[in-house]
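Given the structure of chain A, go ahead and fit chain B onto it with the hints provided.
Chains as they are written, first to last, in the numbering used here: chain A, 1 to 218; chain B, 1 to 387.
Among these hints, one or two may not hold up.
[Stated by the list, open to error] Below, simulated DSS-like cross-link-like pairs (lysine-lysine); rule was C-alpha separation at most 25 Å, straight line: (1) B:K338 - B:K314; (2) A:K59 - A:K47; (3) B:K193 - B:K266; (4) B:K197 - B:K266; (5) A:K116 - A:K184; (6) B:K70 - A:K184; (7) B:K291 - B:K266; (8) A:K192 - B:K70; (9) A:K47 - A:K8; (10) A:K59 - A:K116; (11) B:K291 - A:K116; (12) B:K193 - A:K59; (13) A:K184 - B:K317; (14) A:K192 - B:K338; (15) B:K193 - B:K181; (16) A:K59 - B:K364; (17) B:K338 - B:K317; (18) A:K116 - B:K266; (19) A:K184 - B:K338; (20) A:K184 - A:K8; (21) A:K184 - B:K314.
Please keep in mind that the hints were generated in silico from the structure rather than gathered at the bench.
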Amino acid sequence: MTALEDAKSQLSKALGEDLLGAEPMPTFGAVTVENLMIRVRREAWVKIGETLRDVLNCKWFDFLSAIDWMESPFGRQLDTEQDEEESFTAPPPIEWGILGGETRLQILARVRTVGKSADTQLGVILKADLPDEEPAIDSWASVYPGSDWNEREVWEMFGIRFDGHPGLRHIYLPSEFEGYPLRKDFPLLARKVKPWPGVVDVEQMPGLDNEEEENVTN
Amino acid sequence: MSQTEQLSYIAGQAADARLNLELETDGMVINLGPQHPATHGTLRLVARLEGEEVVEAEPIMGYMHRGYEKLAEVRTYLQVTALINRIDWLGSFANEVPFILGAEQLMEIEVPDRARWIRTLLFELSRIANISLFLGEMGLQLGAVTPAFFAFRDREFVLNQIEQVTGGRFHPNFDRIGGLKDDLPAGWIAETKSVMKRMRTFCDEIEDLLVGNEVFETRMRGIGVIPAEVGLSYGLSGANIRASGVDWDLRRDEPVGLVYDQLDWKVWTHPDGDSFARYWVRVQEVREATKMVEQILDGLPSGPIMAKVPRIIKVPKGEAYIQTENPLGAMGYYIISKGDLTPFRLKIRSASFNNISITPWLLKGTLVPDIITILGSLYFILGDIDR
Chain A
1 MTALEDAKSQ
11 LSKALGEDLL
21 GAEPMPTFGA
31 VTVENLMIRV
41 RREAWVKIGE
51 TLRDVLNCKW
61 FDFLSAIDWM
71 ESPFGRQLDT
81 EQDEEESFTA
91 PPPIEWGILG
101 GETRLQILAR
111 VRTVGKSADT
121 QLGVILKADL
131 PDEEPAIDSW
141 ASVYPGSDWN
151 EREVWEMFGI
161 RFDGHPGLRH
171 IYLPSEFEGY
181 PLRKDFPLLA
191 RKVKPWPGVV
201 DVEQMPGLDN
211 EEEENVTN
Chain B
1 MSQTEQLSYI
11 AGQAADARLN
21 LELETDGMVI
31 NLGPQHPATH
41 GTLRLVARLE
51 GEEVVEAEPI
61 MGYMHRGYEK
71 LAEVRTYLQV
81 TALINRIDWL
91 GSFANEVPFI
101 LGAEQLMEIE
111 VPDRARWIRT
121 LLFELSRIAN
131 ISLFLGEMGL
141 QLGAVTPAFF
151 AFRDREFVLN
161 QIEQVTGGRF
171 HPNFDRIGGL
181 KDDLPAGWIA
191 ETKSVMKRMR
201 TFCDEIEDLL
211 VGNEVFETRM
221 RGIGVIPAEV
231 GLSYGLSGAN
241 IRASGVDWDL
251 RRDEPVGLVY
261 DQLDWKVWTH
271 PDGDSFARYW
281 VRVQEVREAT
291 KMVEQILDGL
301 PSGPIMAKVP
311 RIIKVPKGEA
321 YIQTENPLGA
331 MGYYIISKGD
341 LTPFRLKIRS
351 ASFNNISITP
361 WLLKGTLVPD
371 IITILGSLYF
381 ILGDIDR
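Excised from the complex, chain A in its bound form (with noise of 0.2 Å):
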């Protein structure tokens, strides 16, 4: 805990405003690991790498992802209440997670400090709002060389551009594929073709009631 505060007061002290929000990731149970989240300006991304690397000693590259906090508009396809049809014309206003955010696409990255000794133990979790149209970020490519591929495979499965990457190029699509497939609004067309068999599995069973329901082992 001592070491997540250090982290806490250090980043705000080299990052200024550039440090949007930071708090531990809420935890359940023995969790031997805090997790920090931060949300940063994604003008200050290769600085805050940088620090990230030099400060907080945190030299493991671990992910680079990306989220699409748009609620999907053909629903969960389920066939269960979050599928109703109006969902298709108006869809809901976006919520964020932990930390909030502006805008839909935010990039989500996490480092950690690596060794033997409990209290050293820190991991950073990274999120930065991205403007709506035409998203881009600077590419940590030069920081970790780690996300080369990752920012490659965040180019290709969300369109989102990385200044400076050394060769934005497709990792797993082909090199004529169109779209953006983990964007919400790309549909999954097995399941526009063919409708789940998968509620089976979700389905209440007879002779139960909903309170009933929620004491029952499964």
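Using the frame of chain A, we list chain B on its own:
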């Protein structure tokens, strides 16, 4: 032009031509894969060569990309575990654990002790099944066929034990939110103990066969050296980073919901960082895992294996990130839930993707035959890269 002049002119032209031929050599581009019997899946590697030396190497993936992150958004939590079994298919149970632990974090479920112990037990059994195959296949990639046969033979005993508990050799789909599907079958504990003895003998056999063998040593020692700093910045994890001398193991340093802190075991590291070190660390890890399994079997508490959970699982709103030390390295799931039946977003951090992202850097300047040993010693599974 006199005849002499003419002759000398022709000779000069010929000499120039020969000189040009020797100087302006074109690099050669070779293509390895996508089908190769020693890769677990289909990986294509395009390498530009200058003679025997690799100038540039670029792995090309995506042949097995199944889009689990998108598929998980339209599946209930129970259905997602069936999908993520297929990520690292040689140690499938280990894939389920961090996801289930993450969902339990959000639902605030206290898992019974016995379930936690059996989870750790199956986790280590899948580690043994997974890595023991690597120990044999590494020999196969260097032209030794016997170790591969030994590995396939002895791995089967571990898979049988896993099958007896879960019903599946490769895809158990056994972990549930709140505990486990079933308890251990009768007579299983004694049998597993004898299998663990057998796996230790297997480690000795493999070491006798390969370690100290001249061909094996010369092709592994000093080849593909990864300095610790570089490995960390590329996000390497598991035995790959421990072979570079980094004393860091998530089982010891981040034992989320498992019982590693109650066992007596050791984290093995090797200072060299070469292909041999990566092999050696894995041999020790299998040995250590067999000892852990025995300790778990001795200390298994009695009690229920399932906590009380609602029948219809709706995970409350929130975000959780859980990471465990899987056979291939650190694997994590970032779960974002909005209180629905399905995850809102599931980010899968798989070990092999980052482990292999170092290859363009690592293969630069190596010789062609070393490509195979380096890729082999990094030990990736394509399902774990392509997801």
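Evaluated hints:
Note on K338 (chain B) and K314 (chain B): the hinted pairing holds, with a Cα-Cα distance of about 9 Å set against a maximum of 25 Å. The straight-line distance between the Cα atoms of K59 (chain A) and K47 (chain A) is roughly 15 Å, inside the 25 Å bound, and the hint therefore holds. The hinted pair formed by K193 (chain B) and K266 (chain B) meets the criterion: a straight-line CA distance of about 20 Å does not exceed 25 Å. Between K197 (chain B) and K266 (chain B) the CA atoms are separated by roughly 18 Å; this keeps the pair inside 25 Å, and the hint holds.
With a C-alpha separation of about 41 Å, the suggested pairing of K116 (chain A) with K184 (chain A) is violated against the 25 Å cut-off. Taking the CA atoms of K70 (chain B) and K184 (chain A), the gap is near 9 Å; set against the 25 Å cutoff, the hint holds. For the given pair, K291 (chain B) sits about 10 Å from K266 (chain B) by alpha-carbon distance, which is consistent with the 25 Å threshold. Between K192 (chain A) and K70 (chain B) the alpha-carbon distance is near 14 Å, which keeps this suggested pair within the 25 Å criterion.
A C-alpha spacing of about 16 Å is found between K47 (chain A) and K8 (chain A), which places the hinted pair at or below 25 Å, so the restraint holds. Of the pairs offered as hints, the one joining K59 (chain A) and K116 (chain A) holds, with about 14 Å between alpha carbons and a cut-off of 25 Å not exceeded. In summary, the hint linking K291 (chain B) to K116 (chain A) is supported, as the alpha carbons are separated by about 22 Å, within the 25 Å threshold. Of the supplied pair hints, the one linking K193 (chain B) and K59 (chain A) is violated, its CA atoms being roughly 40 Å apart against a limit of 25 Å.
Our distance criterion of 25 Å between C-alpha atoms is met by K184 (chain A) and K317 (chain B), whose separation comes to about 18 Å. Restraint check for K192 (chain A) and K338 (chain B): the C-alpha separation of about 23 Å stays at or below 25 Å, so the hint holds. At roughly 23 Å between alpha-carbon atoms, K193 (chain B) and K181 (chain B) fall within 25 Å of each other, so this suggested pair holds. The straight-line distance between the Cα atoms of K59 (chain A) and K364 (chain B) is roughly 23 Å, inside the 25 Å bound, and the hint therefore holds.
For the proposed pair K338 (chain B) and K317 (chain B), the alpha carbon gap of about 4 Å is at most 25 Å, so the pair holds. With a C-alpha separation of about 12 Å, the suggested pair K116 (chain A) and K266 (chain B) falls inside the 25 Å cut-off, and the hint holds. Of the pairs offered as hints, the one joining K184 (chain A) and K338 (chain B) holds, with about 14 Å between alpha carbons and a cut-off of 25 Å not exceeded. Proximity of K184 (chain A) to K8 (chain A) is assessed by CA-CA distance (about 33 Å); at most 25 Å being required, the pair is judged violated.
Between the alpha carbons of K184 (chain A) and K314 (chain B) the distance comes to roughly 21 Å, so the proposed pair stays at or under 25 Å and holds.
Hints 5, 12 and 20 from the earlier list are contradicted by this structure; the remaining hints agree with it.
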